[in-house]
Amino acid sequence: MSMKGLSVCGRGKVARWAMLGLVSLGGCVRMGPDYHTPKENDQPAAWQKAADVRERRSRGFTSPATVDVSWWQQWHDPVLNRLVERLSRENLDIRQAATRVLQARGQLKVVAAEGVPSLNWAGSYTWTQQSRKGFLTLAQPAPGSNLQYEQYANIGSASWDMDVFGRIRRLVEAGKARVDEQQAYARGIALARLADFVEAYLRLRAVQAQIGLTERHQALVRHDLALVLARQKEGAANDLEVAQARGQVEQTDSALPPLRDMQAALINTMGVMLDLPPRALEEDLLPVQPQLDVPVSVGVDVPSSLAQRRPDIMVADARLHAATAEVGAAKAAFYPDINLAGNLGTQSLSAGDFFMPAAKYFTLGPTVNVPIFEGGRLRGTLSLKKAEQQEAALAYRQTVLNAWRDVDDAITRLAQIQLRYQHVTELVAQNRKAYRAARLQYEDGAVPFLEVDRAESMLLSSQVTLADLRMETTLAAVSLYRALGGGWQPVLAATEQRMTAEAGGRSGERSVR
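End of the sequence shown = 720 in the working numbering, gap-free, step of one.
Any given hint could turn out to be false.
Said to hold, decoys possible - Calculated cross-link-like contacts (lysine-lysine; reagent style DSBU-like; alpha-carbon spacing at most 30 Å):
{"hint": "1", "residue 1": "K246", "residue 2": "K383"}
{"hint": "2", "residue 1": "K440", "residue 2": "K640"}
{"hint": "3", "residue 1": "K246", "residue 2": "K593"}
Because the hints were derived from the structure by calculation, they are not lab data.
The task is simple: from the sequences and hints, build the whole structure.
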């Protein structure tokens, strides 16, 4: 039966059934591959060897269920804990990263809006004066007819991209992955700034320990100089020994200025990370605190959750997800785009007839856009998206391998530094004994002052080395926690809490206005 043989009512039924069929197609098809996280995050085989596990545990590496996300609190330093809490709220880099998450969420809303119906309303009034010399004269209006008229219109319109082949849904999926990417990036920034800040604090305490060590050595060499001068008066010391003693004093004094310069620079560095001007933290940090030691134990046997903690792996995973979804969107672009649109309103030439049933009108129907020839644009876009997906997959694998390398390197470095620390601790003890013996022998006149000078230099050198190693052990522990991906959780949570509070305050201000 042809459409000509159908009545108006019959054609209306056919149209309605056709519309129903189109609506039922919406959301049925999704082009392209569905995303699954690659299985590249399995624990390296070497880590599963019993001998390696025992070796790590013997070095103080434990096997907790999860990494301690507040690992800096293991040092039980109230100043450090207070400053890290402040970092969580004030650091500008972390706050900027959090705003980029908000931007990605806003962009996602823009993309998602393409897949939902849009509704609009418009009302208009026009007053028209027709020209007596224009094209209207071709219609030969009756002499004296009115060429002026008013028109009232009221129209509501709706349109819906039915996304039959899933192009918009794939773009929304990619948008969600981009949000995940920015969230992971913000976590990475939070982890990096936390580790940088704790490292700066540890370096500061190490520098202050060296300042204290140097000041104690100052008193020691000045006492030695006084002893040599006293022996010179008695004729038991010569000018060479006096010059050697004075040289020790000058050498020790010259070591303090660069240490104090480093102290000031570290305090300013930490201040900038807290959004503070130079010297603002001197009141908090100039009171010398004991140098911090490495934590008693560090949890490392948590391979199954490394991908859920390392922000860089999360970023790579989200990028691969987005690239995969964009391949689907590029494939869907080859297929017809169906848009369902309709209008409903009233139109009349007088205000009195505006709401009469006869003034009502409506339109409803689909628009089908079929890509026939695009000059290779669609194929080029698909090739581009596939290549980007391949690159993202390779980048994900490389990121996972780098993560395991970072963890293994950090464990090895910390273990070796701890071994060296034990040896240097014993070296300091022996050098202290040697210095005391040389001093007693010098006082008895058994050895020249050169022996005291040499023993004193060796003691100071080993003490400085020990202080450096104590700092290196703590820095190595921080590097290990950085490699394990722990610590961003409470830091980023505090930043988001502050930004949410600020957003609520701005909303309140707008409501008042």
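Hints, verified against the model:
1. K246 to K383: holds, 21 Å
2. K440 to K640: This hinted pair holds, its Cα atoms lying about 28 Å apart.
3. K246 to K593: holds, 20 Å
Violated hints are absent here; each numbered hint is respected by the structure.
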